[in-house]
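There are 2 protein chains.
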Amino acid sequence: MIRDDAPAKIRLYLDLPLGDGGLLEPSPAQCHYLLTVMRRRDGDTVALFNGREGEWLARIEVFERRRCRLHIERQSRPQRPEPGPALLFAPLKRFRQEFLIEKATELGVALLAPVLCRRSVVDRINRNRLVSIAIEAAEQCGRLTLPEVDQAMPLAERLAARANGHCLFVGDETGSGQPVADAFDEHGLGDLLIGPEGGFDPEEMAELREHDGVIPISLGPRTLRAETAALAALACWQALLADD
Amino acid sequence: MIRDDAPAKIRLYLDLPLGDGGLLEPSPAQCHYLLTVMRRRDGDTVALFNGREGEWLARIEVFERRRCRLHIERQSRPQRPEPGPALLFAPLKRFRQEFLIEKATELGVALLAPVLCRRSVVDRINRNRLVSIAIEAAEQCGRLTLPEVDQAMPLAERLAARANGHCLFVGDETGSGQPVADAFDEHGLGDLLIGPEGGFDPEEMAELREHDGVIPISLGPRTLRAETAALAALACWQALLADD
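Chains as they are written, first to last, in our numbering: chain A, 518 to 761; chain B, 518 to 761.
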């Protein structure tokens with residue numbers, strides 16, 4: 518019996534079809550999480566999502582003490598669009614990058630696109646690790662989708678690959694960017710680009726300014742760390758441009 | 518000779534009077550930072566601030582290889598007001614709390630006030646540790662002031678002690694809060710209160726709503742971790758309410 522009044526406290530992302538009466542086998546890691554970490558018991562419920570078919574409530578059936586199956590009972594939320602911006606960011610050192618991925622996912626980012634800039638000090642990413650962090654954050658914050666996580670690529674290549682026609686708000690620490698709230702108000706929906714620690718190389722910034730649809734923005738008079746700038750811009754995007 | 522064209526890359530907070538021609542003795546930890554970590558040499562410059570008298574450029578004089586004195590040469594920035602909100606927050610576990618302090622300092626918080634809520638899982642703070650993190654973040658982001666860091670106190674006591682007449686925007690995850698941009702637009706300057714992981718106890722939230730000047734706000738449809746909610750609210754505050 519599912520208690521409709523109690524919120525489903527545990528949500529799991531599964532890349533499997535979800536539907537009425539389905540029976541699913543979670544991975545050994547997910548079984549461990551449910552039964553050992555979260556101490557769920559036979560008959561308890563868990564919410565499931567796969568990024569495509571909404572959220573479903575399922576009942577846990579425990580067998581062989583450490584393994585379980587999930588019996589899908591009913592849909593708890595239909596799939597709906599979760600519009601969010603792409604975040605183009607220069608890869609950061611491990612701790613700060615993991616934090617950025619977690620927070621950006623909570624703040625509704627649609628695409629995480631690492632870009633290599635001239636002053637990048639980190640030039641590759643562990644994409645699987647970033648995906649794991651994004652999944653955990655999506656499970657925790659109630660999203661119905663995962664953000665896409667791209668491979669790292671040079672900034673110029675990424676700019677050339679953009680095709681959605683949105684403008685690109687670029688964090689500009691030189692003080693000459695448009696205040697973020699004014700820029701969002703004037704230009705509407707757009708993606709976000711935050712450079713590496715230490716900012717863009719001046720020539721790179723000049724090239725960026727020439728690029729079609731690029732709007733340099735200012736996030737205030739303080740020099741923000743790269744991950745702080747990304748999160749501040751995303752938080753403002755959600756507050757000012759999201760229509761949910 | 519101070520190179521006016523090169524930005525002073527190192528800033529140190531010193532709780533000492535600053536003025537023309539002053540000669541200062543940094544602490545052994547600061548000497549270590551300047552000479553060993555940052556590899557500064559005799560004659561290099563460093564920027565200094567004390568929270569009261571603006572920012573000053575000083576020349577490093579090295580002696581006995583590992584010690585140094587700082588000769589103040591001139592003021593580089595006058596002191597100016599750095600208005601920011603108070604952030605009342607339920608203490609978090611170590612890693613997330615340290616991140617919160619660093620980011621809130623970068624985002625211009627004026628006062629960090631830990632408050633104990635009914636669902637708080639952490640009930641004390643290491644104030645000295647939090648102050649150290651705030652100093653490092655203030656040095657890095659270019660602030661001329663440090664945020665104040667209070668001792669932890671029960672929420673009711675903290676609410677009773679507020680006397681600035683500002684309203685208090687309270688992160689409300691029940692979905693019934695006013696969207697943050699609308700709330701800031703309607704009510705203007707105010708402080709921020711973010712509850713513990715898992716949110717406020719319902720009775721506590723009901724009491725909060727009865728409190729004079731309390732405005733429940735919504736930060737969007739996702740369930741944000743406590744530190745994410747605090748940073749999102751601060752970023753919006755700076756974008757929408759700061760006049761710098």
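Treat each hint with caution, since some may be false.
It does not matter which identical chain is meant; a pair holds if it fits inside one copy or across any two.
Mimicking SDA-like on lysine to any residue, the simulated pairs with C-alpha atoms at most 25 Å apart in a straight line are [to be verified]:
{"hint": "1", "residue 1": "610", "residue 2": "652"}
{"hint": "2", "residue 1": "610", "residue 2": "648"}
{"hint": "3", "residue 1": "526", "residue 2": "719"}
{"hint": "4", "residue 1": "610", "residue 2": "696"}
{"hint": "5", "residue 1": "526", "residue 2": "644"}
{"hint": "6", "residue 1": "526", "residue 2": "693"}
{"hint": "7", "residue 1": "610", "residue 2": "742"}
Calculated from the structure, these hints are not laboratory results.
Taking the hints in turn, this is what the structure says about them:
no. : hint      : in the structure
1   : 610 / 652 : both (20 Å within a copy, 21 Å between copies)
2   : 610 / 648 : both (16 Å within a copy, 24 Å between copies)
3   : 526 / 719 : between (48 Å within a copy, 17 Å between copies)
4   : 610 / 696 : neither (28 Å within a copy, 34 Å between copies)
5   : 526 / 644 : neither (28 Å within a copy, 33 Å between copies)
6   : 526 / 693 : between (45 Å within a copy, 20 Å between copies)
7   : 610 / 742 : both (12 Å within a copy, 22 Å between copies)
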